[in-house]
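Student: Please build the complex by placing chains H, F and P with the ligands on the supplied structure of chain D, with the hints as guidance.
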Amino acid sequence: MNKDKTLHKDIRKDFPILSKKILKTKDLVYFDTAASAQKPQVVIDELNQFYESHYSNVSRGVHTLSVESTLRYEDARKKVQNFINAKSENEIIFTKSATESINLVAQTFYDKYMSAGDEIILSLMEHHSNLIPWYFLRDKYGVVIKFANITESGEIDVNHFESLITPKTKIAALTHLSNVYGSKIDEKVSSICKRNNVAILLDGCQSAAHLKIDVQKLECDFFVFSGHKTYGPSGIGVLYGKENLLNEMPPYQGGGGMIGEVTTNKVSFAELPAKYEAGTPAIAEAHGLGIAIDYMNNIGIENIINHEEELTKYAYEKISELDFVKIYGDGDNRNSIISFNIENIHSHEVSSFLDVEGIAVRAGHHCCQPLMKHLGVNSTSRLSFGMYNTIEEVDIFINALIKCKEFFIK
Amino acid sequence: MNKDKTLHKDIRKDFPILSKKILKTKDLVYFDTAASAQKPQVVIDELNQFYESHYSNVSRGVHTLSVESTLRYEDARKKVQNFINAKSENEIIFTKSATESINLVAQTFYDKYMSAGDEIILSLMEHHSNLIPWYFLRDKYGVVIKFANITESGEIDVNHFESLITPKTKIAALTHLSNVYGSKIDEKVSSICKRNNVAILLDGCQSAAHLKIDVQKLECDFFVFSGHKTYGPSGIGVLYGKENLLNEMPPYQGGGGMIGEVTTNKVSFAELPAKYEAGTPAIAEAHGLGIAIDYMNNIGIENIINHEEELTKYAYEKISELDFVKIYGDGDNRNSIISFNIENIHSHEVSSFLDVEGIAVRAGHHCCQPLMKHLGVNSTSRLSFGMYNTIEEVDIFINALIKCKEFFIK
Amino acid sequence: MNELLKELYQEIILDHGKEPRNFGECEIHNKSAHGHNPLCGDKVSLTLFVDDDDIIKDIKFSGEGCAISVASASLMTEKLKGKKLSFAEDMFKDFTDLVKGSEESLSIIDEDDSLYALKGVKDFPMRVKCATLAWHTFKNALKE
Amino acid sequence: MNELLKELYQEIILDHGKEPRNFGECEIHNKSAHGHNPLCGDKVSLTLFVDDDDIIKDIKFSGEGCAISVASASLMTEKLKGKKLSFAEDMFKDFTDLVKGSEESLSIIDEDDSLYALKGVKDFPMRVKCATLAWHTFKNALKE
Ligand SMILES: Cc1ncc(COP(=O)(O)O)c(C=O)c1O
Ligand SMILES: Cc1ncc(COP(=O)(O)O)c(C=O)c1O
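Residue numbers (our numbering), protein chains in the order written: chain D, 1 to 410; chain H, 411 to 820; chain F, 821 to 964; chain P, 965 to 1108.
Derived from the structure by calculation, the hints contain no laboratory data. Everything numeric in this text was worked out from a predicted model, so none of it was measured. Positions of the beta carbon are idealized from the N, C-alpha and C atoms, including for glycine. The reader is advised that the hints may include incorrect statements.
Stated by the list, open to error - Derived lysine-lysine pairs resembling BS3-like cross-links, with alpha carbons at most 27 Å apart: (1) Lys1107/P - Lys112/D; (2) Lys410/D - Lys942/F; (3) Lys913/F - Lys489/H; (4) Lys489/H - Lys168/D; (5) Lys79/D - Lys1057/P; (6) Lys79/D - Lys1086/P; (7) Lys949/F - Lys21/D; (8) Lys405/D - Lys959/F; (9) Lys580/H - Lys266/D; (10) Lys497/H - Lys920/F; (11) Lys826/F - Lys403/D; (12) Lys434/H - Lys1107/P; (13) Lys652/H - Lys959/F; (14) Lys242/D - Lys1083/P; (15) Lys913/F - Lys405/D; (16) Lys815/H - Lys1083/P; (17) Lys1103/P - Lys266/D; (18) Lys939/F - Lys488/H; (19) Lys410/D - Lys826/F; (20) Lys1048/P - Lys783/H; (21) Lys1083/P - Lys813/H; (22) Lys21/D - Lys920/F; (23) Lys913/F - Lys410/D; (24) Lys838/F - Lys488/H; (25) Lys550/H - Lys266/D; (26) Lys815/H - Lys1086/P; (27) Lys1064/P - Lys79/D; (28) Lys851/F - Lys403/D; (29) Lys497/H - Lys838/F; (30) Lys436/H - Lys1048/P; (31) Lys1107/P - Lys815/H; (32) Lys736/H - Lys970/P.
Stated by the list, open to error - Now the in silico label distances, taken between C-beta atoms and shown as ranges: (33) Glu884/F - Gln216/D: 41 to 49 Å; (34) Thr576/H - Lys982/P: 28 to 36 Å; (35) Gly988/P - Ala116/D: 47 to 55 Å; (36) Arg12/D - Glu898/F: 24 to 32 Å.
As the list claims (entries may be wrong) - Covered stretches of chain D, going by a simulated chain F footprint (3 or more residues, C-beta under 8 Å): (37) 147 to 158; (38) 345 to 353.
One chain only, chain D, in its complex shape (with noise of 0.2 Å):
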């Protein structure tokens, strides 16, 4: 594939949806890529192709159709193993969503490594999915919940974010790239956690399309991801856990896979992955999210990173020419997303007049109600990218970013 500058222009034709027309006329301009990424033609197709010629239940069954379907499962935990660094495929879970995983975690973790009174730290930034499961966590056992402070930039206050440790926290739980500034989480907190026996849990959502992962380099005890943010399936997410950490933690949900024999008194579980698996797993979604990272490995994790840069680059400064147009977070370290008010409209006329143009923005607290307080508003717009957005694109928005000013504000 080409990896030139001009690379997206290639790419656009492979997502099918790209060409669609908004209201009949206006091409789609598709800046929601940090809620859901768009899939390739690749990916699509190859659901086709497991429902037409492969697909029966997974690990149960002896016959062909069986084998065929279970090899395609196996093999996108590989592909993931390999898409993250893992050290053993055995850490790789997959879960319907990151929020599932993030879920696994925090009950199976509590229930192995807390009691009433330990301490979790989380930041003001993270999103709702990585708030609540922490929250049921203190209002059912007990614990106690601290949060990091944020910098003006958009990051976590990593001197803040030590202060909080004691003896008695046992996990952070952070996002990896923020959903609403799209920093990046900066490598000290890991060390620092290391540094005081605190587990660490990486929200990579944001970052798992948009960033060279590498969970050991990172350092992280947990990571999650979904596939629909990744260019796969909806219904599949991932979860990473340190092989001994997911050894010793108790299965979440009960049922058919997870088992290693049962009587009706007793039962007893079955080795990793498996003990995390519990029913019929999302086999084709989880296939689909192997093609997805093969797709990207294709075009070059590295190329994606450089295009959405330079886009990212682009249009923050184009915005902050903008004089009526507030952008949270300042330009370094910030990753294909930019969330900003247009002073006066709120972010649903933005959207709303955007959607007109064929433009896709997000308008909302992005899940993030808590930093929404923070900045002291109800609500942002946000544009995010992914790899088959253009600069021409940009310039699009910027100009209808304009006529909304015009338009509402007279």
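Tutor: Positioned in the frame of chain D, the structure of chains H, F and P with the ligands alone reads:
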């Protein structure tokens, strides 16, 4: 569509995988629908269509694609509601699988209505997915589990069941249609529960695609099933729960989409059904399930039932004629499932042998180890029908079974 | 300018969105409710004084939200003040039908009604919740 | 008769499957383990007596399973009896490679080996677990 007896001939064309050749030469005879059903072309095509033209995240954005996805997702909910005749779409929760649905009910029903010493009734023929979630309650919180006996014919012993009820009994969780015997639950069981104020969960995994479901007539409090066994995609399950119960019970997983307001101290929860759907749901999968339901409705549930009845009766008779085969359970009250063993030949051998003949049957314990113990076996073979199977396929199977016996027992 | 946007953001909407009427809290009230839209964080607080004859003597709202939700709340308070509760309930039904695009089932609202200005919402289905937030809050206030 | 089935169910497999050797429990043993295949419920129990020189002086198995798993266990006990543990470990690697179809990486097992009879398993990937159950149980017994 053609509703006469040759209906299945036309139906077969709708399922692309059925024209597959096993080992390049043998026509596929798919008798493993109870493990997972194959998908009609229209479901596969609609997944395609969804990703190619309408996909984005649901419920959150205000742009066109977000609208198109959300409408399809919520439409699927209405289709499920109608399919099982629930009173309100608030009673339909999308999960990843029936297994998850049961885990959800077990945990949240316990949280709201049970405490140590309270009792749950299961039966000896429950699937592990309807055992282990309740074992978790026993092992974590000290609730008591009682097992209803199974009669020789493969049904719950209703008198024994009734005798297990005490004032401490809070819920019974029972399979609506046994995945080993193919037997349907006696309607008396629900009335007994009603009369004694015991809630009842019906595990509809095997019934949803093979019986007419009416949750109001069934008088159940919860009903669960999986999309993949209902001609829909993998990665989607359904929980039906009575609205008042779902309103009273606490949420299960926490995350985006299931909240009302969130501060660093507190969280309030969304109304039904969002309350139980944390995180990005299985969007395309829900839509695909909706299309599968449309497809079944088009064929006509009655037609499907009649056809499968005929198949089951024919197969039962034919197999009964083979003196070297033992069938578990008897011929009445048997729906699309037949479990059996050939004397002195392990089910694995049977399944591998049949596989080479192009015939896919399940071998193993069918996630029912307690029932296997009760039957005094380690495993059985199982054939199970879908709407697409034919009498001719049964004949092929019978011949293969005879050859199989001859191969292993000379 | 796009027709759909013009329909959605009629003058009266922009006007009420910027300068909402009946904004604040009723000095005396016997009914109230808070509403919020979990999808975007928008909020509305409603206070009412309903007399013994079921007449809405006073109604005010406050909160933060988009032009559609604020204008809708503002227009609602104007519309309901002085009306009987039973009329308000009928209005609720009509209004939700209107913004969802079921115009044929309207029984009270007609083209001359100020609320009719919100008809354009029907082409923006994800905005229906904005338009109906105040009305659902009103319903909840009555449940108290 | 199908070639793949003939490969899988060679005479020696059917024979060992029906009449397993070294079936039972070692009278004296210092190592043991239970194994089971959660996919089908098959079980194997293994007892071993390993002397001070790391020689497997005795080895027996019992349990229930399919022809492949029983024959594999039976052939394994025959093969390992009297052998050094280090040889057994190498054999483990070879055997799992064989049944998974990586024949090129074999270093001990060759065509004349009785274990070679299980080569046909490679065409039935879901049966690999049957063929390796006894061997994994053996590994676990050593871990004790
Ligand atoms: C009776 C019964 N209950 C529960 C399940 C679990 O369904 P799933 O694996 O789709 O969650 C199954 C299917 O495996 C089943 O047959
Ligand atoms: C930072 C972050 N964390 C968690 C999530 C939740 O992901 P999902 O909804 O796919 O479970 C999201 C996406 O919505 C996110 O952006």
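Student: Each hint needs a verdict: does it hold in this structure or not?
Tutor: Okay, the hints, checked on the actual structure:
1. Taking the CA atoms of Lys1107/P and Lys112/D, the gap is near 25 Å; set against the 27 Å cutoff, the hint holds.
2. In summary, the hint linking Lys410/D to Lys942/F is supported, as the alpha carbons are separated by about 25 Å, within the 27 Å threshold.
3. Annotation: proposed proximity of Lys913/F to Lys489/H holds, straight-line Cα distance about 24 Å (limit 27 Å).
4. Proximity of Lys489/H to Lys168/D is assessed by CA-CA distance (about 50 Å); at most 27 Å being required, the pair is judged violated.
5. With a C-alpha separation of about 24 Å, the suggested pairing of Lys79/D with Lys1057/P holds against the 27 Å cut-off.
6. Simply put, Lys79/D and Lys1086/P have alpha-carbon atoms about 23 Å apart, close enough for the 27 Å limit, and the pair holds.
7. This hinted pair checks out: Lys949/F and Lys21/D have alpha carbons roughly 26 Å apart, not beyond 27 Å.
8. For the hint linking Lys405/D to Lys959/F, the alpha-carbon distance of about 35 Å lies beyond 27 Å, and the restraint is violated.
9. A C-alpha spacing of about 21 Å is found between Lys580/H and Lys266/D, which places the hinted pair at or below 27 Å, so the restraint holds.
10. With a CA separation close to 22 Å, the supplied pair Lys497/H and Lys920/F stays within the 27 Å bound.
11. At most 27 Å may separate the alpha-carbon atoms for a hinted pair to count; Lys826/F and Lys403/D meet this at roughly 14 Å.
12. A C-alpha spacing of about 44 Å is found between Lys434/H and Lys1107/P, which places the hinted pair above 27 Å, so the restraint is violated.
13. Among the hinted pairs, Lys652/H with Lys959/F is consistent with the structure: their alpha-carbon atoms are about 23 Å apart, no more than 27 Å.
14. A hinted pair counts as satisfied when its Cα atoms are at most 27 Å apart, and Lys242/D with Lys1083/P does not qualify at roughly 35 Å.
15. Proposed proximity of Lys913/F and Lys405/D is contradicted: the alpha carbons are some 34 Å apart, above 27 Å.
16. Distance check on the hinted pair: Lys815/H and Lys1083/P sit about 23 Å apart at the alpha-carbon level, within 27 Å; holds.
17. For the hint linking Lys1103/P to Lys266/D, the alpha-carbon distance of about 25 Å falls within 27 Å, and the restraint holds.
18. A hinted pair counts as satisfied when its Cα atoms are at most 27 Å apart, and Lys939/F with Lys488/H qualifies at roughly 25 Å.
19. Distance check on the hinted pair: Lys410/D and Lys826/F sit about 14 Å apart at the alpha-carbon level, within 27 Å; holds.
20. Only pairs whose Cα atoms come within 27 Å are accepted, and Lys1048/P paired with Lys783/H is rejected, the gap being roughly 38 Å.
21. This hinted pair checks out: Lys1083/P and Lys813/H have alpha carbons roughly 23 Å apart, not beyond 27 Å.
22. For the hint linking Lys21/D to Lys920/F, the alpha-carbon distance of about 24 Å falls within 27 Å, and the restraint holds.
23. Taking the CA atoms of Lys913/F and Lys410/D, the gap is near 35 Å; set against the 27 Å cutoff, the hint is violated.
24. In summary, the hint linking Lys838/F to Lys488/H is not supported, as the alpha carbons are separated by about 38 Å, beyond the 27 Å threshold.
25. Between Lys550/H and Lys266/D the CA atoms are separated by roughly 13 Å; this keeps the pair inside 27 Å, and the hint holds.
26. The hinted pair formed by Lys815/H and Lys1086/P meets the criterion: a straight-line CA distance of about 23 Å does not exceed 27 Å.
27. With a CA separation close to 20 Å, the supplied pair Lys1064/P and Lys79/D stays within the 27 Å bound.
28. Simply put, Lys851/F and Lys403/D have alpha-carbon atoms about 42 Å apart, too far for the 27 Å limit, and the pair is violated.
29. Our distance criterion of 27 Å between C-alpha atoms is broken by Lys497/H and Lys838/F, whose separation comes to about 42 Å.
30. With a C-alpha separation of about 46 Å, the suggested pair Lys436/H and Lys1048/P falls outside the 27 Å cut-off, and the hint is violated.
31. For a cut-off of 27 Å, the pair hint linking Lys1107/P to Lys815/H is broken: about 40 Å separates their Cα positions.
32. With a C-alpha separation of about 26 Å, the suggested pairing of Lys736/H with Lys970/P holds against the 27 Å cut-off.
33. About 45 Å separates the C-beta atoms of Glu884/F and Gln216/D, a value consistent with the hinted range of 41 to 49 Å.
34. Between Thr576/H and Lys982/P the beta carbon distance is about 50 Å. The supplied range of 28 to 36 Å is therefore violated.
35. Against the hinted window of 47 to 55 Å, the Cβ-Cβ separation of Gly988/P and Ala116/D comes to about 52 Å, which satisfies the hint.
36. Look at Arg12/D against Glu898/F: about 49 Å separates their beta carbons, and that is not inside 24 to 32 Å.
37. Counting residues of the segment 147 to 158 of chain D whose CB falls under 8 Å from any CB of chain F gives 0; the rule of at least 3 is not met.
38. Here's how the segment 345 to 353 of chain D fares: 6 of its residues keep a CB closer than 8 Å to some CB of chain F, so the rule of at least three is met and the hint holds.
In summary, the structure is inconsistent with hints 4, 8, 12, 14, 15, 20, 23, 24, 28, 29, 30, 31, 34, 36 and 37 from the numbered list given earlier, while agreeing with the others.
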